[in-house]
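Peer 1: Order-wise, the sequence lines are chains A and B.
Residue 10 in the numbering used here is what sits at position 10 of the first sequence, and the numbering runs on without skipping anything.
Residue 11 in the numbering used here is what sits at position 11 of the second sequence, and the numbering runs on without skipping anything.
The hints are simulated quantities; they were obtained by calculation from the structure and are not laboratory data.
Don't take each hint at face value.
Each pair may be met inside one copy or between any two copies, as identical chains are not told apart.
Said to hold, decoys possible - Computed cross-link-like contacts, EDC-like style, restricted to lysine to aspartate or glutamate with a CA-CA straight-line distance of at most 16 Å: (1) Lys27 x Glu118; (2) Lys2 x Glu21; (3) Lys73 x Glu118; (4) Lys2 x Glu115; (5) Lys86 x Glu107; (6) Lys2 x Glu43; (7) Lys87 x Glu107; (8) Lys73 x Glu115; (9) Lys73 x Glu107.
Number of protein chains: 2
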Amino acid sequence: MKIGELARRTGVSIRSLRYYEEQGLLKPERGDNGYREYSVLAEEQVRTIQFYLGLGLSTEQIAGFLQCVLIHKEAFCSEVLPVYEKKLAEIEEQLALLTAIRSNLMERIAYIRAESTEEEER
Amino acid sequence: MKIGELARRTGVSIRSLRYYEEQGLLKPERGDNGYREYSVLAEEQVRTIQFYLGLGLSTEQIAGFLQCVLIHKEAFCSEVLPVYEKKLAEIEEQLALLTAIRSNLMERIAYIRAESTEEEER
DNA sequence: CTTGACCCTACCATTCATGTCATGGTTTAT
DNA sequence: ATAAACCATGACATGAATGGTAGGGTCAAG
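Input sequences plus hints: build the corresponding full structure.
Peer 2: Given below as structure tokens:
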């Protein structure tokens, strides 16, 4: 199938499909006219890419194990676990930061509201 | 004081101090030679800016209430509360997303580890 | 008077997946 | 054969604070 059809089927923009190819995630054949020709497998492949992007992984990280996980179970692909662990550590760090900021914001909001209430009571 | 001294005192880079000015957060005088001349109040002002940046607010948001909060209590400045509320909502959204990703990652990591363990037991 | 330490402006780079043009070739249906 | 719909590449923009560099003025101490 051509790129437009793959885009329609997967809901991923043509632009992104070309980007994935540039990043080594997709390798479509080329017709005589230069058009990209995707196999039926490409559809699942794109959904897999989208899934990993949704986990916050970069295209570079995904490229490191995509071929493997398309064939085998994740547990078989040794590149997957370290990437997951690294990502998890980053997420935990971000969560800690955001949680601290949230506490701070909530305190300050509560304080401001309390002050305003006092104001009204006067 | 000149920009280098303010940078040294606050730990903020000269580059950033100039950026804050560009964003309307600082308005130093200018000497005859074109050098920026900061008042002693600028030091506290910069620390205040840094504090709000640390809460994740943008320079634009900070610019909206900085002059007020430098003089009054936060609760007096009506622009502060909506900014805090907006930021809090964004943070909550990010937390929800990150928390979901974390759960997903932890599950998948646990699964992979379980598989590997089985492997070793065989 | 020279040297080093300071200051100035203006610009590019950074991250990274995606959107959006511009420009032009190809295919399909009328 | 012509128009509409498709495809191609290449390039710039995005967000937002900060780092870095280039090219050039200013000041203070020796």
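Peer 1: Hint by hint, say whether it matches the structure.
Peer 2: Going down the list of hints, with the structure as the test:
1. Lys27 x Glu118: Neither, since 66 Å and 35 Å both go past 16 Å.
2. Lys2 x Glu21: within (14 Å within a copy, 52 Å between copies)
3. Lys73 x Glu118: Intra 62 Å, inter 14 Å, cutoff 16 Å: inter-copy only.
4. Lys2 x Glu115: Neither: 63 Å inside a copy, 38 Å across copies.
5. Lys86 x Glu107: between (32 Å within a copy, 15 Å between copies)
6. Lys2 x Glu43: Within one copy only: 11 Å inside a chain, 61 Å across chains, cut-off 16 Å.
7. Lys87 x Glu107: Only across copies: Lys87 and Glu107 sit 13 Å apart there, 30 Å inside one copy, limit 16 Å.
8. Lys73 x Glu115: Only across copies: Lys73 and Glu115 sit 10 Å apart there, 58 Å inside one copy, limit 16 Å.
9. Lys73 x Glu107: between (46 Å within a copy, 15 Å between copies)
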